[in-house]
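Novice: For the sequence shown, position 181 matches number 175 in this note's numbering, and the numbering has no gaps at all.
Honestly, the hints are just simulated from the structure, not real lab data.
No residue lacks a Cβ here, since even glycine has one placed at the ideal position from N, Cα and C.
What you were told as hints is all true, and nothing was included just to trick you.
Estimated spans, in silico, between C-beta atoms of each pair:
1) 161 <-> 262: 18 to 28 Å
2) 157 <-> 267: 15 to 25 Å
3) 183 <-> 52: 19 to 29 Å
4) 114 <-> 201: 35 to 45 Å
5) 208 <-> 257: 23 to 33 Å
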Amino acid sequence: MADECLPIVFDTGSFATKVGFAGADLPKSVIPTVVGYYTEQGKHHIAIGKEALDESQTYSCLYPIQHGIVRNWALAEKIWLHVYQNELKITPEEHPLLLSEPPLNPKLHRERCCQMFFETFNVPALYMAPTAILSLYGTARTTGLILDIGNNVTHSVPIHEGTILPYGICRLDIGGFDLTSNLIRFVDDLKRNTIEDRCIARTIKEKLCYVSIEYNEEYKRMSENPQDYTEQYELPDGRIVNLCTEKIATAEMLFNPEIAGRTCPNIVSMTFHSIKTCEPELHRLLEYRQQVINEICQLGLEVQL
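Put together the whole structure using the sequences plus the hints.
Specialist: Encoded structure:
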């Protein structure tokens, strides 16, 4: 099939939007799901994605999607239009669209998405598929447990033979945003509460932080011999940030939310509950076929689970 008629895939999350052509191994483009705006002499200026973040001192930045749900449709439309025109450089009328959706997506939200893409963008065909199923298919499996860790929320989703078992879905209101906030809590040089500092903290989290298999023992070793475990990160202005126990304390809130002042189940008990809620004959199959997706897998979460 020629490129001009290939279906395209939109995966629009709270933090990032990934887009590309069906059948490709990787997205063609990944942009922050953010719209920046400012008004000067009565004229409105708008920036999308990375441009908005790069100029965050000029633009007021808004995130139209929260917890996987569109909260501002006008801004979401601007992001999708930008993707068509500037990232993919295609005409939406010529390409069928596969649109990912979060677990337990409200019916009204699905209807609004369909209305926008059919009536505003005039797509010729649209299919909405749960992110969890798409991720499982990406591993060449049809049965398994998907642990979907997004920017604001985490879901554990059991799937059997390509069908989500809705009674086994569990939700935890902790995501990558919260881990970044946890790191900022430890680092004085990143407490100015600016978008720039948050972007830096996210980069530090992804490069230096990880999930500790034996947290208490490793924390003790680090505390007693910081010179052996401290790593440095240079900020854009030349300042140096030293990280030692912070490297493992950042992600520990997934397993011990109380350390960040949260009163909620941890990620292990949530996963266990998802499995045990399903039929007994599926327990071993789901336990064996766990798949961690999205950003936290970079921190080594699979090992701990």
